[in-house]
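For chain A, the structure is supplied; the task is to place chain B on it using the hints.
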Amino acid sequence: MDVFAPNLPEMFNNAALGLYHILGIRKGTGDRESVHIELEDIDLEGLLVAFLNELLYQVEEGWVGEEFNIEIHETHLEAQLRMTPILDRQHDIKAVTYHELKIIQENGCCRTRIVFDL
Amino acid sequence: MDLKQIEKINAYEWEINQTAQPWMRVPVRIFSNEAMLKAALQDRSLEQAVNAAALPGLVGRVCVMPDVHQGYGFPIGGVAATEVQTGVISPGGIGYDINCGVRLLSSDLPKQEVVNVIEDFIRLLYQACPSGVGTKGVFRVNEKELKQICEQGSGWALKNGYASRQDIETSEDGGCIAGADWMAVSRRAFERGAEQVGSLGSGNHFIEVDLIEQVFDEQAASAMGLSVGNIAIQLHSGSRGFGHQVCTDFVHQFQSVSTKYHIQLPDRELVCAPLNSGEGRAYLAAMRAAANYAFCNRQVLAFAIRQTFEDCFPGHHLRNVYDLAHNIGKLETHQVEGRELQVCVHRKGATRAFGPGHTDLPQQYKKIGQPVLVPGSMGTSSWVLVGTETGMRKSFGSCSHGAGRVLSRTQAKKEVNGGQLRDELAARGITVQAGSLRGLAEEAPQAYKDVDQVIDCIEGAGLGLRVARLVPLAVIKG
Numbered sequence: 003m004d005v006f007a008p009n010l011p012e013m014f015n016n017a018a019l020g021l022y023h024i025l026g027i028r029k030g031t032g033d034r035e036s037v038h039i040e041l042e043d044i045d046l047e048g049l050l051v052a053f054l055n056e057l058l059y060q061v062e063e064g065w066v067g068e069e070f071n072i073e074i075h076e077t078h079l080e081a082q083l084r085m086t087p088i089l090d091r092q093h094d095i096k097a098v099t100y101h102e103l104k105i106i107q108e109n110g111c112c113r114t115r116i117v118f119d120l
Numbered sequence: 002m003d004l005k006q007i008e009k010i011n012a013y014e015w016e017i018n019q020t021a022q023p024w025m026r027v028p029v030r031i032f033s034n035e036a037m038l039k040a041a042l043q044d045r046s047l048e049q050a051v052n053a054a055a056l057p058g059l060v061g062r063v064c065v066m067p068d069v070h071q072g073y074g075f076p077i078g079g080v081a082a083t084e085v086q087t088g089v090i091s092p093g094g095i096g097y098d099i100n101c102g103v104r105l106l107s108s109d110l111p112k113q114e115v116v117n118v119i120e121d122f123i124r125l126l127y128q129a130c131p132s133g134v135g136t137k138g139v140f141r142v143n144e145k146e147l148k149q150i151c152e153q154g155s156g157w158a159l160k161n162g163y164a165s166r167q168d169i170e171t172s173e174d175g176g177c178i179a180g181a182d183w184m185a186v187s188r189r190a191f192e193r194g195a196e197q198v199g200s201l202g203s204g205n206h207f208i209e210v211d212l213i214e215q216v217f218d219e220q221a222a223s224a225m226g227l228s229v230g231n232i233a234i235q236l237h238s239g240s241r242g243f244g245h246q247v248c249t250d251f252v253h254q255f256q257s258v259s260t261k262y263h264i265q266l267p268d269r270e271l272v273c274a275p276l277n278s279g280e281g282r283a284y285l286a287a288m289r290a291a292a293n294y295a296f297c298n299r300q301v302l303a304f305a306i307r308q309t310f311e312d313c314f315p316g317h318h319l320r321n322v323y324d325l326a327h328n329i330g331k332l333e334t335h336q337v338e339g340r341e342l343q344v345c346v347h348r349k350g351a352t353r354a355f356g357p358g359h360t361d362l363p364q365q366y367k368k369i370g371q372p373v374l375v376p377g378s379m380g381t382s383s384w385v386l387v388g389t390e391t392g393m394r395k396s397f398g399s400c401s402h403g404a405g406r407v408l409s410r411t412q413a414k415k416e417v418n419g420g421q422l423r424d425e426l427a428a429r430g431i432t433v434q435a436g437s438l439r440g441l442a443e444e445a446p447q448a449y450k451d452v453d454q455v456i457d458c459i460e461g462a463g464l465g466l467r468v469a470r471l472v473p474l475a476v477i478k479g
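Which chain is which? The protein sequence lines are A and B, in order. The first sequence begins at 3 in the numbering used here and counts up by one. The second sequence begins at 2 in the numbering used here and counts up by one.
Note that these hints are calculated values from the structure, not bench results. Be a bit skeptical, because a hint or two may be false.
Incomplete in silico selection of chain A near chain B, CB under 8 Å [said to hold, decoys possible]:
#1 51
#2 59
#3 99
#4 117
Yeah, the Cβ is synthetic: ideal placement off N, Cα and C, and Gly gets one too.
Bound conformation, chain A alone:
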C-alpha cells in the first residue's frame, strides 16, 4: 500500500484508512468509544508498524477508528481515536510487515510503501 500526505500525522492517518479499506470494513451502529494510544519504538518506521498493528488488534476486538488525533515526536506516538463498532469485514490481515519499509520526507511530502501479510 502506497501512502502519502503533507505531514507525518496525516500520513499515519491515511495509512490507517488504507488498512481499513484493505480489510473491507463496514461500520455498524452503536455506542462509540474513545481510545488513547501511546507507543514507543526505535524509529518512525517502527512506530508506523506498531500503530497499524494496534489498529489491527482493535479491529479484531470489533472496533474501527473514525476520528484520529495523532501526535508524533521522533520515537514516540500518542493518538486519541474515536472508535465505532464494526458490522462486518471482507478480509483478514495476518500482519503489518517491515518489508523494505522506509518513510521518506522531502519537498513537503511524507510517503511510504507498506507491505501486509494477507
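Just chain B, lined up with the frame of chain A:
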C-alpha cells in the same frame, strides 16, 4: 539477481556462491529445474534467500525449494539451519502463521459412493468447520484450557475426546513440541486465540475432498492407507490469530534486540536473537506454544471432519495419514560437513521430510520414511511423497510445501473472475464452497506454479519420492 550469478550443479540443483554478497555466511542451494529457476528470478525470492544467508551461526547452505516465491525478509520455500550454541533464531524465517501445516486423512470409501452426494457432504463439512474472515472456532476455550493447549498441543484434544491415539502417533512430533511456555506469550495472543480453536481461517487455507487417482509406491501407500479409487481429505490451516500475534510481538521486540547483539542484517524482517540469549529462548518457547496451538487447531478440525464423514457414510472411517508443519523452527540433529550438529532448522513454506529409519518417525513409517504432503492449487493435483536419506544430507530433511504462488493475491483478483472460476471448476466436476468469490479468485490455479513440475524437481534432486497423486472432487476455501 540473474541467471549468470547462479552456478549449475546438475539439472535440479543450482548454487549462489557465498561471495555473491558481502554479508553471506553460507552459499544458497536452489533445488529447481532451469524453467522454474528462471520463473523464480521474476520476483525477489532469490535475493531474499541471499539476504537470509546473513543470519549469524548458519551452517551448510540456505536451501531454496522449487516452489519458492517472494515472502517478507525470508523467501517462502526457504530452509536455513543455525548452530544452536552460536547461532540465532529469526521469527521471519518461520513466518507469521506459525505451524501453518497440512493434514491428510485417508478412507476406505470408493469415489462412486461419494460423487452423487458430494454437494451435500461438502455443505455439511462447511457447516461443521468454521471458515472465513475473523471466524470463531468450533468452541471457545478459557484461559486455563488455552494454557494447556500451548503446552500439550494435540494432546489436549486427546484428553478432551477430540483425537484418537492414532491421530497423535501420526502427527509430526506427536502433535506437541516440547519446551513451549505460555508465559512467553502475550496477553493479546491469548485474547485472539481463545475464540479460534477449531477454525480454518481465510486466505489459502482449505479443506479438500480428493480422489486417490494414482499410486506410485504400493508399499508406502499401503502403510498410509491410500488405495486407488478411494477418497482422502486434506486440511490446511495454522495457528490463526494466536500465532500471528506471537510473530508480530517478537518481530517488533527483536528490532532492538538485533542491535543489542550487534547483528547486522540486510532486511529488518530478518531480525533475530541468539538462540542462547534470554530473548531467543523466549521466542522459541512462545513459537512452540503457537505451534502446539496449530496442532490442536488442525486436530479439532479433523475431529469435526471425521464426525461429518462418519455421519454421511456410516461404516466408513477416516484415518490420519499424517499432520505436518510447514512454517516452523525446530531443534534437530543433522550431519553437516561430516560433523553431527544440533541446529535450529527454520522452515518457512517448507515441509520436514525425514528419510527412512529416523528415530523421530512413528513405527509404521520407519521403513518407508516420513509422509510428505504437497497440496497443489485448487483444481490441480496434490501429492503424497516420502522423505529420503538424500534429503537428510542435502536439505536438512526438508521438502516443498506446495505449488508456490506466481501471482500475488492482488494480481490474481485483477486477472480472475471468482464466479467464472467457480463455474469452470464445476464443469470439471469440482464442487467449491467459498466464503467470497473474490477470495476464491485469489486462490485460482493460474495464481500458482505447476505442482507436477515442483514434484519433478523434488524427485530429481532426491529430496522426496512419489507415493500417490490426489485429484480434487470438492473444496472448501477459507
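Hint-by-hint comparison with the structure:
1. 51: holds, 7 Å
2. 59: holds, 6 Å
3. 99: With a closest approach of 4 Å, the residue 99 of chain A hint holds.
4. 117: Residue 117 of chain A check passes; min Cβ-Cβ to chain B is 6 Å, inside 8 Å.
This entry satisfies every hint, going by the numbered hints stated previously.
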